[in-house]
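Enquirer: Listed below, chain by chain, are the residues.
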Amino acid sequence: MSTRVGVVLFPGTNCEHDVVWAVNSIGGSAELLWHADPDLRGVDAVVLPGGFAHGDYLRTGAIARFSPVMDAVSAFAAAGGPVVGICNGFQILTEAGLLPGALQKNAGLKFRCQTVEVRVETSASVLTSLCERGQILRIPINHFEGNFVCDPETLARLRAEDQVVFRYVDNPNGSADDIAGICSEGRNVVGLMPHPERACEEVLGSADGAVLLRSLLTRAPGGPGVSPGVTVAAGRPGH
Amino acid sequence: MTEYEARIEVGHRPGILDPQGGVIERALPALGYGNVSQVRVGKSIRLRVDADDEGAARAQVEEMCARLLANPVIEDFSIELSAVNHR
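Protein chains in written order, with the working numbering: chain A, 169 to 407; chain B, 29 to 115.
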């Protein structure tokens, strides 16, 4: 049985079908979860896709965290379930307190829509377990508020605990410490601004995102499991 | 119970990028206002609450700011309260 990935649809989400397509194309089984439904229907992993949830009114992600589904997502994450937030999903995870920091407007007030290079900084996360540390991936970004910011203590902790999952090779938005994605202390909640689902087929210009979604399928409870030596919970390099 | 109007101003915390403020600051000299500095762009939120007294109203509005209206990672807020005079 293939790994079931729940893709949460908020009013204003617009990348859900891309994620469903990409997950299905690599052998997973994706299904949409409606934001007002407080039940995750037993999925093995959850993705909060990109878009403009609830119109991004007040702040990006600020209202989405009050959607009934988010209580279930929080409980799922607390129990160690894999949760990935892409772009607007990353913003929602920070607003919900599932990841630290915030995403502010891009430096230079430019909306960035381009393919960028990101470096995988750790393979100890649910989204990078099949990657090599230092691996460079070409993945599109598409955002106005992707400029990661947090207080100095939080940044020091993210670095010390190996929670920076991706860094931009060439920082496109002013993000602190070139951060493109981070994970939770438990390493099962990952947020990133780049869109791996848009880089899963060569015809789209890059297939580099597929390894990330394959990692997610592998890490999910219903997945094929992780080969020896690629443990996530224990794998915390000291740098 | 008294009805209070709250005027809440949400702004960027010191050190947080305010690109809109920066753009406005660079635009004003083009209109001849070369003596302008420290432009900051924030949000103004107004709402009314029914409360026993001003202290209770303020405590509740502060809680709303901390939980929803402002993001403490990047924003700070100030609150002005006044009793609404119904005639």
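Worth double-checking, as some hints may not be accurate.
Claimed, not checked - Some chain A residues close to chain B (C-beta under 8 Å, calculated; not the full set):
(1) R227
(2) G248
(3) A270
(4) Q272
(5) K273
(6) N315
(7) V317
(8) C318
(9) G342
The set of hints was computed from the structure by calculation and includes no laboratory data. All residues carry an ideal CB built from backbone N, CA and C; glycine is no exception.
Enquirer: All the hints need checking, so say for each whether the structure fits it.
Expert: Cross-check of the supplied hints:
Interface restraint check: R227/A against chain B, minimum CB-CB distance 6 Å, threshold 8 Å, status holds. This hint is violated: G248/A has a C-beta 25 Å from the nearest C-beta of chain B, more than the 8 Å allowed. Interface restraint check for A270/A: the shortest CB-CB distance to chain B comes to about 4 Å, inside 8 Å, so the restraint holds. Checking Q272/A against chain B: minimum C-beta separation of about 5 Å stays under 8 Å; hint holds.
Below 8 Å, beta-carbon pairs count as interface contacts, and K273/A has one with chain B at about 5 Å; its hint therefore holds. With a least beta-carbon distance of about 7 Å to chain B, the hint placing N315/A at the interface is held under the 8 Å criterion. Checking V317/A against chain B by beta carbon gives a least distance of about 6 Å; that is within 8 Å, so the hint holds. Given hint, C318/A at the interface with chain B, holds; its Cβ is 6 Å from that chain's nearest Cβ, closer than 8 Å.
Interface hint status for G342/A: upheld, as the beta-carbon distance to the closest one in chain B is roughly 7 Å, under 8 Å.
Going down the numbered hints, you'll see the structure goes against just number 2.
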